[in-house]
Amino acid sequence: GAGVSQSPRYKVAKRGQDVALRCDPISGHVSLFWYQQALGQGPEFLTYFQNEAQLDKSGLPSDRFFAERPEGSVSTLKIQRTQQEDSAVYLCASSLRPSEAFFGQGTRLTVV
Amino acid sequence: DQQVKQNSPSLSVQEGRISILNCDYTNSMFDYFLWYKKYPAEGPTFLISISSIKDKNEDGRFTVFLNKSAKHLSLHIVPSQPGDSAVYFCAASAIASGANNLFFGTGTRLTVIP
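These protein sequences, in sequence, are chains A and B.
Numbered by the working numbering, the letters in the first sequence go through residues 1 to 112 in order.
Numbered by the working numbering, the letters in the second sequence go through residues 1001 to 1114 in order.
Where hints are given, some of them may not hold.
What the hints assert, rightly or not - Derived DSSO-like pairs (lysine-lysine); straight-line CA-CA distance at most 30 angstroms:
#, chain 1, residue 1, chain 2, residue 2
1, B, Lys1071, A, Lys57
2, B, Lys1037, B, Lys1068
3, B, Lys1005, A, Lys57
4, A, Lys78, A, Lys14
5, B, Lys1037, A, Lys57
6, A, Lys78, B, Lys1037
Stated by the list, open to error - Which bits of chain B does chain A cover? Going by a derived footprint, with three or more residues having C-beta under 8 angstroms, they are:
#, region
7, 1033-1044
8, 1094-1104
Honestly, the hints are just simulated from the structure, not real lab data.
Backbone N, C-alpha and C define an ideal beta-carbon position, used for all residues, glycine too.
Using the sequences provided together with the hints, build the complete structure.
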C-alpha cells in the first residue's frame, strides 16, 4: 500500500502477557518512529530508527519495551509483561525527511 | 514537562467562519513546526508546516502563523467546513540540533457547525 500500515489494529492483552506490534513503513522511507498516545493526550515519542539502526530509544518507558527493525524496513515494537498503564494507541510513522512524518492508523492496546 | 501546549481542548465554529487554533512552546531550540489533523480511529495526518525562518505559510484554506518572540503559533482555517471537524495537534522539532522526533501538544477538538 501507499501508506504506513500497522497491525493489529486492536489488541487486548491480559496483564503479564507479551505483545508484538508491527509496522510496515512507506517504501523507501529511511526514518521510522514509534509513538505512544494515551487517552486525551498527544503522541509521545518512544524510539527512532534510521534504516536498521536504532538511533534514539530515549522515550521507551521501561526495559519491558523493545523495538527492532532488522532489515531496515518492517519494525516490531514488543512489550513484555504488559501492565495496565501500557494501555494506549501505539503509532508508527515513517519519513524521508525529519520535517514530515507520515503516520499509520495505530494499534490500540488494551491491557486487562 | 509539556514543551508544546495547546491550552484549548475544544473549539466550536460556525460553517463559513474562521477557525483559529493556538499553540505555545517553551523550547527555544524548536525550529520546525507542524500541524496534524486526526479523525477518530485514524492516525494523525500531516496538514501544514512552517520553518522558524518564516512567520507565515499558507496552503489553500489553511494558514499557519509563527511568532518566535512569543513562542506561539496558530493555525487559521478559512472558511471552515464541516469536514474540518477533527482533533488538531500542534507539533515541533529541533531539526538543526539533530533531533528527529516530534513533540506534540495535547490537541484541540474542532467542531464546525453546519
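Report task. If any of the earlier hints don't hold here, list their numbers in rising order. Result -> No numbers; nothing is violated.
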